[in-house]
Amino acid sequence: MASLEPRIEVCLTRASLDRKPYTVQVRFAAVTGEIDQVRVAKIDQQHDFTRCVDQVVRRARPAIGESPIESFTFFSVNNGR
Amino acid sequence: MLASLALSFMLVQPSVESSRPTPADAQRAVAEAHVAQRAYEEAGEAYLKLASMSGVVRRDELDQAHVNLDSAYLTSNLTRHLCRALQVAEMTIADGKFEGEQEEKFWQDIRDDDVRHLREDARATKRQNCRFGPDGESLKVAVALLPDPEIGPQTPPLDLREPAIRAGAVDAPVQRGSADRRWRVQTAGAALVGVGIGSLGLLIGVITVNRRQAQAMERMNEDAAAAGGFSTAGLVQHDRIYADARLTRSAAIGLGVVTAATLLTGVALLVSRKRATRAVAVYPYGGLHGGGATLRLRF
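Note that the protein sequences, when read in sequence, are chains U and F. Read left to right, the first sequence gives residues 982 to 1062 (the working numbering). Read left to right, the second sequence gives residues 477 to 775 (the working numbering).
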């Protein structure tokens, strides 16, 4: 997911938000393993940034991991996980 | 040498203190261990506990609690975990004090998503959950009625009385039980207060008599001092007043104790009874997990 950071940064610029760590939570449907929801912690789901991040993450089609809800942090010192 | 040892001890001591794990650190370790074992329900509860501890960012821990409880639902398909997650979201919204409008909306979205997931689950599985019936219909809001002996049972009890009693031909003492008990308590309280007030009046009287006796003896002492000594009759009278004064003092002490006991008991009985029934009443409540107020209407 760290490879998505440049595209997330574009979202950031479009939404005129400050560059700081953002945690993205991806909720997978248990049965299908498809992405059910993409949330950005502490930001409204209708916010431009969240909608942009949602598109970026869905296009990337991350596979379901060990947890049904995966969290990724962008723009942190570790550059996401 | 000694000074350098002391200096090194002073330098080392703070680092020892700072490296000591706090209760929150220990709780976080527990929560993370549960996550590592994919025990999401336990992890959610552990984060929930962590959120109530000092030295943490409460809402961040509540977010982790929600994520793990939601994960518990996704991995087990048991809606009780999602219901619990919804409770966390609702509690967080009720807490308020968000950093900004965005964060508040974020939590409202989480709550709405939980409700939507519960509805979808009910429809898909035909299972009832905490919010929806088997067809996805909203369950009626269950209002918890507070037991109140002053009002009596909120719902009419099953009528198992004899038909004659049921029809009102015979008095039904059972229904009056609560009111009778309340009346007896109030009567006892009022009676004790009455006795206490009477006793207080007697006490005041006895104290007044005692003071007069003391004043009389003082005057007799002054007269005797002026006359160069007590006469025989004066000495007898002084001894009699002194004996009476000792009796009245003992009586005053006894009456004081009785007055205090009866007044305190009577007032306690009157005060401890439920507040008078009103058409509209607000009852505040509080506890470990929060507080609030219950608005009660009587029809």
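Don't take every hint at face value.
[What the hints assert, rightly or not] Chain U is faced by these chain F residues, among others (derived, beta-carbon under 8 angstroms):
id, residue
1, Asp501
2, Ser528
3, Ser530
4, Lys581
5, Val591
6, Glu596
7, Asp597
[Unchecked claim] In silico EDC-like cross-links for lysine to aspartate or glutamate, where the CA-CA straight-line distance does not exceed 20 angstroms:
id, chain 1, residue 1, chain 2, residue 2
8, U, Lys1023, F, Glu579
9, U, Lys1023, F, Asp501
10, U, Lys1023, U, Asp1035
11, U, Lys1023, F, Asp715
12, F, Lys581, U, Asp999
13, U, Lys1023, F, Glu596
14, F, Lys616, F, Glu566
15, U, Lys1001, F, Asp720
16, U, Lys1023, F, Asp585
17, U, Lys1023, F, Asp656
18, U, Lys1023, U, Asp999
[As the list claims (entries may be wrong)] Computed from the model, here is a short list of chain U residues facing chain F with C-beta under 7 angstroms:
id, residue
19, Lys1023
20, Gln1026
21, Ile1050
Bear in mind the hints are in silico, worked out from the structure with no lab data behind them. Even for Gly, the Cβ is constructed at its ideal location relative to N, Cα and C.
Hints, one by one, checked against the model:
no.	hint	result
1	Asp501	violated (20 angstroms)
2	Ser528	violated (20 angstroms)
3	Ser530	violated (22 angstroms)
4	Lys581	holds (4 angstroms)
5	Val591	violated (14 angstroms)
6	Glu596	violated (10 angstroms)
7	Asp597	violated (11 angstroms)
8	U:Lys1023 <-> F:Glu579	holds (4 angstroms)
9	U:Lys1023 <-> F:Asp501	violated (24 angstroms)
10	U:Lys1023 <-> U:Asp1035	holds (15 angstroms)
11	U:Lys1023 <-> F:Asp715	violated (91 angstroms)
12	F:Lys581 <-> U:Asp999	holds (19 angstroms)
13	U:Lys1023 <-> F:Glu596	violated (25 angstroms)
14	F:Lys616 <-> F:Glu566	holds (18 angstroms)
15	U:Lys1001 <-> F:Asp720	violated (91 angstroms)
16	U:Lys1023 <-> F:Asp585	holds (10 angstroms)
17	U:Lys1023 <-> F:Asp656	violated (57 angstroms)
18	U:Lys1023 <-> U:Asp999	holds (14 angstroms)
19	Lys1023	holds (4 angstroms)
20	Gln1026	holds (4 angstroms)
21	Ile1050	holds (5 angstroms)
Of the numbered hints listed earlier, those contradicted by the structure are 1, 2, 3, 5, 6, 7, 9, 11, 13, 15, 17.
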